[in-house]
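Enquirer: Spelled out from the first residue to the last, the chains are:
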Amino acid sequence: MSEHFDAIVVGAGPAGNSAAYTLARAGLKVLQIERGEYSGSKNVQGAILYSDALERIIPDFREDAPLERHVIEQRMWVLDDESYIGGTYRSADFSKPPYNRYTIIRSQFDRWFSKKVRDAGALVVCETTVLDLHMDGHRVVGVRTDRENGSVYADIVILADGVNSLLARKAGFHGELKPKDVALAVKEIHFLPEQTIEDRFNVKGTEGVVIEMAGKITQGMVGTGFLYTNKESVTIGVGCLLSDFKKSKIAPYVLLERMKAHPAIRPLLEAGEMKEYTAHLIPEGGYNAIPAVYGDGWLMVGDAGMFVNAVHREGSNLAMTTGRLAAETIIDLKARGKPMTARNLAAYRKALDESFVMKDMKKYKNVPSVMDKNRQFFTDYPHLVSHAAHTLLTVDGMDKKTKERAIRQEFTRTRSRFGLFADAFKLWRAFE
Amino acid sequence: MMRIEEKLFQNRYRVDAGRAHIEITDGDICAVQCKEKPCTFCCPAGCYAEDNGGRVTLITDGCLECGTCRVICGEHRNVRWEYPRGGYGILFKFG
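Here the protein sequences line up with chains B and H, keeping their order.
Mapping of the first sequence onto my numbering: residues 1126 to 1557, in sequence order.
Mapping of the second sequence onto my numbering: residues 40 to 134, in sequence order.
Rather than coming from a laboratory, the hints here were simulated on the basis of the structure.
Small disclaimer: the values here were computed from a predicted structure and weren't measured.
Glycine included, each C-beta is placed from N, C-alpha and C at the ideal position.
Mixed in with the good hints there might be a few duds.
Simulated pairs of lysine-lysine, DSS-like, Cα-Cα distance not exceeding 27 Å [claimed, not checked]:
no., chain 1, residue 1, chain 2, residue 2
1, H, K74, B, K1459
2, H, K132, B, K1372
3, B, K1498, B, K1374
4, B, K1240, H, K132
5, H, K132, B, K1241
6, B, K1371, H, K76
7, B, K1329, B, K1356
Okay, the calculated bits of chain H under chain B, using three or more residues with CB under 8 Å as the criterion [claimed, not checked]:
no., segment
8, 46–56
9, 68–81
10, 101–109
11, 124–130
Just chain H, with the same shape it has in the complex:
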């Protein structure tokens, strides 16, 4: 089974270093209030992970800009989600 990292490796990105277009607003909400943490298994790029302390970490480099995390976090509204600056982010070769 192909791992998600191998899939994303085929894609082309222009990463806007130091300017993540998605941020977790309040890490405590994920750790304390959100039991399911659906972002950690729904994100198609595997950008979200739960660490040993039950906190959610987010690395947006592989983001496919689909909006899944924005919609799935509807209950807690805990992601600040913007599109990357013009020209940055995923650059689909085929789409």
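Just chain B, with the same shape it has in the complex:
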């Protein structure tokens, strides 16, 4: 493995695959290195696939990609201990092709994507861990793998090595991740007969439902839960800031078990067979946590660059888009005979800034700190809202005006009049 490549891509998640595919399609000599036994065997996600980002890379992906269900209904639940209150959006419009989003199973989907990368002409080497970057002064010139004589060289190395990105840290490009900038998510997949899923979630064919949850299930921690329907399984998971897990001393798997036992959730999983338990860090530090994403001879894409929009639960589409934009930057420089210097690669950052990726990251840049400083959104409000609904919906001879007064009093008693106003203002500022 001592030949020279135009580009080396480290990692075969959505970011790495998008980059490798785009580069190979343009005729560049590409080597992609993946540590798993096949592309996808180390990768974890909820998982929702947003069509748009993939369509811009593989327009006809629907023809053979392994997709589970197209999402026609989204539920948002705010949970109290024994109850939930929520909103649902369901539209027959979402059942008209081309579908906007799908649930997927990552080990299958990534394997499919990897085949596309190979078919496009890239050399994909699996079961190989990249240990270090080879440097020539400040410039990255290649990688050292755990294979015998495992050094390979290229004009550019794309770091698509995921949230931990050991390579960037070992090379000194980045400092260590902070516990407040990552969420730890744990997830299980439960298998159920297709018919049971259709009946339980009121869908048919390949229609599917996603449920996003917040409130008491995270026990005061900043975080959310989710439940997604696949063809013959549902995935259920919960993620909270790692700094909060540290403070709460609640083990993540205990949190998941408690969530599964919630009276609104338990019936949805009943009789399911749990077949895998996974965990993953999600970079949720937002815009302010984005590190340097390019330098002499290297570019960074996907989770490694902290490209996750936690507010909208979007990550894989940002990964694919950053992978594509990185590849397009390289293709352009190559075509113009320009070297892969930091100065030239700044075009990647510019492309990011002009895309939805940075615009969205910027829009929500204050959300992480607002959530961190205002725990009431995860504790007091779920209880207040749910209790208000309970009061209003219990018919017990009390007149409605008295009920409304009781609800108002409970709100002001918990948060004070000024506090309620301030909370509304904070939310508006964070999400405006």
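Once you've looked at the hints, dock chain H against the given chain B.
Expert: Positioned in the frame of chain B, the structure of chain H alone reads:
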């Protein structure tokens, strides 16, 4: 409540026997300097445990390779953390 061992039992691993990809650098730091020992309750696979003498033991066989222990030990920087050799470690069936 399902125990963590039962959860991990559903997973597929190829264990690289005798070559743990994570090691505690200095056991004394855990025992003496680290009061909280967050690895013992934050690790989603329960790989870390505190023994009666206040020392932390680590068994990486069930590791999910998430990186939690690496990040949570930021204060003491006391875990040597590498990915397993290519092809080894957790092999997600579904992911």
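Enquirer: Does K1241(B) lie within 27 Å of K132(H) when you go C-alpha to C-alpha?
Expert: 20 Å, holds
Enquirer: Are K74(H) and K1459(B) close enough, with their CA atoms no more than 27 Å apart?
Expert: Violated, at roughly 54 Å.
Enquirer: Taking beta carbons only, do three or more residues of the segment 68–81 of chain H come closer than 8 Å to chain B?
Expert: With 4 residues closer than 8 Å to chain B, the segment 68–81 of chain H meets the three-residue bar; holds.
Enquirer: Checking C-beta pairs, does the segment 124–130 of chain H have three or more residues closer than 8 Å to chain B?
Expert: Held - the segment 124–130 of chain H has 6 residues with a Cβ nearer than 8 Å to chain B, which meets the minimum of three.
Enquirer: Can the restraint linking K1371(B) and K76(H) be considered satisfied, given a maximum Cα separation of 27 Å?
Expert: Distance of about 9 Å is within 27 Å: holds.
Enquirer: Can you confirm whether the C-alpha distance between K1498(B) and K1374(B) stays at or below 27 Å?
Expert: 19 Å, holds
Enquirer: Starting from K1329(B), check that the Cα of K1356(B) is at most 27 Å away, please.
Expert: Roughly 10 Å separates the two Cα atoms, so the pair holds.
Enquirer: Taking a Cβ-to-Cβ distance below 8 Å as contact, does the segment 101–109 of chain H have at least three residues touching chain B?
Expert: Since three or more residues must qualify, the claim that chain B covers the segment 101–109 of chain H holds, with 6 doing so at under 8 Å.
Enquirer: Please work out if K132(H) and K1372(B) have their alpha carbons no farther apart than 27 Å.
Expert: 32 Å, violated
Enquirer: The segment 46–56 of chain H covered by chain B? Criterion: 3 or more residues, Cβ-Cβ distance below 8 Å.
Expert: holds (count 5)
Enquirer: Verify the proposed pairing of K1240(B) with K132(H), using a straight-line Cα cut of 27 Å.
Expert: 18 Å, holds
This entry does not satisfy hints 1 and 2, going by the numbered hints stated previously.
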